[in-house]
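Novice: Sequences and hints are given; from them, build the entire structure.
Heads up: the sequence lines are chains Y and A, in that order. Taking the numbering used here, the leading residue of the first sequence gets 27, the next gets one more, and so forth. Taking the numbering used here, the leading residue of the second sequence gets 27, the next gets one more, and so forth.
These are computed hints drawn from the structure, not numbers from a lab. This structure is a prediction, so every number in the text was calculated from the model and none was measured. Hints may contain errors.
One copy or two, it doesn't matter: identical chains are merged, so the pair holds either way.
Claimed, not checked - Straight-line alpha carbon distances no greater than 30 Å define the calculated DSS-like cross-link-like pairs of lysine-lysine that follow:
hint, residue 1, residue 2
1, K191, K297
2, K186, K511
3, K192, K328
4, K371, K407
5, K562, K339
6, K509, K186
7, K192, K407
8, K297, K227
9, K186, K407
Read off the chains here:
Protein chains: 2
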Amino acid sequence: MTETLDPQTAALDTTSPRGRAEKWLADFDEALRTRDIDAAVDLFALQSFWRDLVSFTWNIKTSEGRDGIRALLQETLERTEPVGWAFGEEPTEAGGVIECWLTFETAVGRGKGHLRLKDEDGELKAWTLLTSLRELKGYEENQGANRPQGVEHQLARGRKSWLEKKQEEEARLGRDMQPYVVVIGGGQGGIALGARLRQLKVPHVVLDNHDRPGDQWRGRYKSLCLHDPVWYDHLPYLPFPPNWPVFAPKDKIGDWLEMYTRVMDVPYWPKSRVTSATFDEDTKTWSVTVDRAGEEIVLHPKQLVFATGMSGKPNLPSFPGMDVFEGEQQHSSQHPGPEAYTGKKVVVIGSNNSAHDICGALWEHDADVTMVQRSSTHIVKSATLMDIGLGDLYSERAVEAGVTTDKADMIFASLPYRIMHEFQIPLYQQMAERDKDFYDRLEKVGFQHDWGDDGSGLFMKYLRRGSGYYIDVGASELVCDGKVKLAHGDVDHLTKNSVVLEDGTELPADLVVYATGYGSMNGWVADIIDQQTADKVGKVWGLGSDTTKDPGPWEGEQRNMWKPTQQEALWFHGGNLHQSRHYSLYLALQLKARYEGIPTPVYGLQEVHHTS
Amino acid sequence: MTETLDPQTAALDTTSPRGRAEKWLADFDEALRTRDIDAAVDLFALQSFWRDLVSFTWNIKTSEGRDGIRALLQETLERTEPVGWAFGEEPTEAGGVIECWLTFETAVGRGKGHLRLKDEDGELKAWTLLTSLRELKGYEENQGANRPQGVEHQLARGRKSWLEKKQEEEARLGRDMQPYVVVIGGGQGGIALGARLRQLKVPHVVLDNHDRPGDQWRGRYKSLCLHDPVWYDHLPYLPFPPNWPVFAPKDKIGDWLEMYTRVMDVPYWPKSRVTSATFDEDTKTWSVTVDRAGEEIVLHPKQLVFATGMSGKPNLPSFPGMDVFEGEQQHSSQHPGPEAYTGKKVVVIGSNNSAHDICGALWEHDADVTMVQRSSTHIVKSATLMDIGLGDLYSERAVEAGVTTDKADMIFASLPYRIMHEFQIPLYQQMAERDKDFYDRLEKVGFQHDWGDDGSGLFMKYLRRGSGYYIDVGASELVCDGKVKLAHGDVDHLTKNSVVLEDGTELPADLVVYATGYGSMNGWVADIIDQQTADKVGKVWGLGSDTTKDPGPWEGEQRNMWKPTQQEALWFHGGNLHQSRHYSLYLALQLKARYEGIPTPVYGLQEVHHTS
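Specialist: See the structure below:
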């Protein structure tokens with residue numbers, strides 16, 4: 027599908043989208059080939075963004091404006107040696123913006139790109155450019171036409187079967203064969219990364235303390251279904267089948283993850299808890315101590331990945347009287363489900379996703395439930411979010427329009443974080459309009475809801491703080507109907523059988539659930555490595571948007587995710603299924619390059635502005 | 027993608043493939059709508075074939091020539107009510123044949139078709155027509171845009187989670203909830219059918235006597251890999267991922283089948299052996315007695331499917347002296363693999379696939395192996411077969427050319443069995459040429475090989491008799507090199523430590539393996555139901571081609587496979603992965619129609635000419 031751009035012979039058509047884009051791309055190619063950074067920078071608009079996923083920067087990095095792009099090129103152009111810029115498919119134009127899909131090569135790899143061009147002072151300039159490394163030369167994945175044979179068409183004495191090789195690897199791994207990468211955490215993040223690393227032939231192991239893959243989901247409350255629709259949730263290589271539910275029940279996802287781990291041959295140790303890890307600066311090697319079903323094993327990888335869940339460690343508040351209260355108290359992550367609480371009085375502190383899910387399930391089991399709202403929450407109805415928020419990229423209609431999962435991921439990734447909220451705000455305005463009756467009812471019962479600090483809604487809240495919202499799959503209606511009771515304000519103290527709010531309201535309780543959220547993922551680093559390393563690495567997640575729970579300064583990318591950190595050989599991976607799928611590729615390629623000894627000079631290593 | 031044909035307004039273009047085909051299809055549509063059978067028949071060539079998969083016939087049936095097609099229409103046209111004939115995609119022309127993809131509807135369902143038109147006496151006539159039922163109206167599968175939601179966006183007391191419903195179904199199935207269909211055998215055939223029936227919401231259970239799904243493959247000799255390439259092997263709904271090996275190792279296939287069973291929610295009872303089954307003519311109900319892990323359970327389904335393997339029951343020969351022989355004797359199906367036979371003398375009776383596989387593995391384990399060739403065998407090299415024999419339909423190049431698995435299956439199904447060998451012969455001539463050196467070497471050591479009675483090669487042998495060939499993945503080279511020794515002729519008798527051939531050759535043996543093939547699948551019917559029913563149903567598999575091991579008269583379709591048999595409510599399913607995938611749809615639709623009470627008058631029920 028790729029067509030080579032040949033500026034010598036192409037009769038330039040300066041009116042069609044393709045013709046105009048060809049001119050830009052030929053100029054860009056020429057500028058890069060001749061290392062003429064001024065000329066290259068001049069091809070970008072005043073407000074412009076070049077987001078690079080590993081191909082130029084060995085980092086995940088957005089360079090903003092001409093100055094940012096100049097700085098990027100000054101440090102990376104010479105060593106990257108980008109060539110062969112071509113269109114992956116026909117450029118299109120809409121609303122004054124020409125959209126292009128690109129392919130290119132660097133000294134060490136092959137990349138794909140996405141480009142938006144628009145007129146500025148009569149000249150076509152790049153508004154957004156996304157470049158991404160897709161494979162390393164000489165280390166292409168065995169897929170498609172390049173898939174493994176599976177059988178040797180020749181018999182030989184002493185040859186080993188697939189099963190024997192697999193069993194031998196299992197027996198040796200961590201004993202006389204060290205993994206190059208240890209991944210802590212075997213949820214969707216760890217598993218997706220594991221599948222990529224297997225494909226890239228990087229020796230690794232995924233450690234998880236549950237009994238089997240998928241238990242991370244199975245163990246949650248029984249009515250839980252994914253809040254994101256199926257089109258958004260595919261794992262790498264093996265998409266869900268066409269009969270897969272839009273919102274998969276948690277046990278079904280559990281089964282899928284278990285199956286996926288097996289058929290993708292992910293080296294996975296269940297029942298394996300990491301008790302400590304230390305990095306030896308001299309040998310550049312980690313020592314990772316693992317309790318594997320009761321046996322202590324020390325692993326010595328070169329790279330350590332935390333895939334322990336972007337939610338990090340539970341935040342448990344400290345209210346006066348918690349030691350006096352005679353009923354049960356749980357963080358939401360410890361809540362075993364509603365079954366045992368029929369007829370009981372339950373107070374749930376918090377009003378985000380977990381609080382709603384837990385309140386709804388408790389009501390379904392005839393508990394007497396009160397939700398304590400301490401601050402405003404963003405609420406969107408699931409069907410509305412799916413239709414307006416994701417429908418253009420991740421839906422059956424997108425599939426029918428030719429937007430493959432990879433294309434959708436690239437389009438998504440091409441929107442610069444700096445201006446992403448501008449794209450989001452009108453969508454949420456539409457949602458507010460469509461569901462006006464619903465919001466009126468919510469307001470009528472006194473539920474405080476918001477659309478984010480700047481009206482940009484759920485996805486920005488997710489990227490900025492990972493909290494502050496509920497995707498309504500029914501619990502909001504219970505709040506509207508008064509079936510789940512609502513109280514407001516912070517907790518003042520607990521008595522032996524009640525929660526007392528700051529305004530004096532006393533809520534009798536047999537059970538108090540603290541749906542009070544989670545800390546930054548570097549909390550796990552403090553636990554497993556040490557506080558010093560956690561502080562050195564700093565806060566994980568968030569953009570530095572200077573909005574609630576996402577303090578500035580502006581970072582430009584999500585803090586510490588899928589890219590080098592201030593601690594050598596320490597990485598973070600995770601997020602929802604979409605992010606686990608998409609970013610696992612770039613993290614895996616960064617690890618693969620290091621494994622093969624390919625130089626990986628990092629441009630723009632993130633600074634640390636917050637420790638938690 | 028479907029375009030409606032409107033003969034009123036379309037300006038007929040009588041020169042392009044589409045224009046010419048449109049005219050034919052408009053005439054065909056008109057003839058069928060007006061029930062003008064003469065006119066319809068007149069649209070077919072003198073030598074012509076209409077193969078129907080369930081849509082007109084509620085059978086799998088090829089009608090041959092104008093008389094055959096006339097008879098088909100006389101009995102089925104009125105009740106089928108076919109309408110809405112349209113092109114599914116643009117017709118193409120090659121070698122004087124116009125190829126069309128069709129869509130149509132019947133009174134009860136929607137169909138897809140494939141049509142080849144060619145000139146006969148200056149007029150365009152149908153040479154081959156394939157019609158297939160793809161879904162029943164009102165019972166469309168939940169897939170794609172119609173996939174299940176997975177979550178109700180409303181909370182309600184007493185609602186059950188996906189897991190609870192699943193567990194409840196598992197607990198009740200076969201106790202207070204009877205399956206409508208019982209499938210005996212849970213290899214790829216039973217599992218694929220199970221997945222289809224689940225999608226179609228037909229209560230069923232798949233019974234298998236192994237410990238877990240996939241053990242049918244795991245239990246075989248350790249170096250076994252599939253002999254068919256990955257593109258040919260996909261199961262319904264969930265294709266293998268792009269990194270799947272071309273020829274999957276048997277344990278990997280085992281894992282895939284196990285996981286497939288789980289994620290497709292196939293109701294599957296492992297460790298379950300059917301000890302007997304009887305049909306009550308009055309209640310039209312089966313009583314199927316199952317030993318389920320030691321517990322006896324009697325199931326009462328309305329339909330019974332044998333998916334016990336197209337190979338049927340092992341053929342064990344009866345040679346004088348078998349009772350005298352003091353070493354080990356095994357049928358190939360009982361052979362545990364080579365590990366225990368290092369340094370032993372092994373005589374393998376037979377020279378087809380199993381014989382070669384077993385000899386090769388024994389040689390790899392340093393056994394002293396002699397293959398006894400009793401009759402000629404067809405040999406093709408795996409890579410050659412894959413390239414020349416399957417490459418146009420099932421390969422990476424086919425995928426790249428837009429030949430999806432469904433399209434490939436339809437093209438394959440569109441070739442009438444009566445003339446299929448004519449398409450096959452030139453392919454095998456090519457193979458003979460390409461691998462001439464190899465065949466010369468085989469002949470030099472005295473190996474007797476053939477290309478089938480009419481030179482039509484492997485696939486026809488497979489369809490006609492299911493035996494008589496070896497796809498060489500290395501063992502033939504061992505024969506050429508004399509590493510596996512070769513002897514000829516039938517066995518005269520065994521002594522206490524040797525096999526003596528008819529020509530007096532004595533072969534010392536510690537182990538004798540009888541790679542002597544399998545009987546017809548109705549042998550299982552004799553065992554589980556009774557001999558009378560086995561005889562009533564007759565021989566399973568084969569076309570009646572009047573070639574070796576496939577006696578005439580001509581049947582036109584594979585005997586008893588995937589279609590109604592002479593025993594009401596008794597069905598056979600199976601074959602390779604391709605057949606398990608493709609025909610499971612038509613078998614499932616036949617079962618679904620019966621489950622829903624849709625009339626299913628069978629046209630052309632197969633007569634029985636052979637009992638085994």
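Novice: Work down the list of hints and note, for each, if the structure agrees.
Specialist: Hints, one by one, checked against the model:
Taking identical chains as interchangeable, the C-alpha atoms of K191 and K297 lie at most 30 Å apart whether they share a chain (23 Å) or sit on different chains (28 Å). Taking identical chains as interchangeable, the C-alpha atoms of K186 and K511 lie at most 30 Å apart only when they sit on different chains, with a minimum of 23 Å there against 64 Å within one chain. In this homomeric assembly, K192 and K328 come within 30 Å of each other (Cα to Cα) only inside a single copy, at 23 Å, whereas the closest approach across copies is 44 Å. Taking the closest pair of Cα atoms, K371 and K407 come within 30 Å of each other only inside a single copy of the chain (27 Å); across copies the shortest separation is 73 Å, beyond that limit.
For the identical chains of this complex, K562 and K339 are intra-copy neighbours only, at 18 Å inside a copy versus 69 Å across copies, given an alpha-carbon limit of 30 Å. Taking the shortest Cα distances, K509 and K186 sit within 30 Å of each other only across copies (19 Å), while inside one copy they are farther apart (63 Å). In this assembly of identical chains, K192 and K407 lie within 30 Å of each other by CA distance solely across copies; the values are 28 Å between and 46 Å within a copy. Taking the shortest alpha-carbon separations for K297 and K227, only the intra-copy value of 24 Å comes in at or below 30 Å, while the best inter-copy value is 37 Å.
In this assembly of identical chains, the alpha carbons of K186 and K407 lie at most 30 Å apart only when taken from different copies (22 Å versus 55 Å within one copy).
The structure meets every hint from the earlier list without exception.
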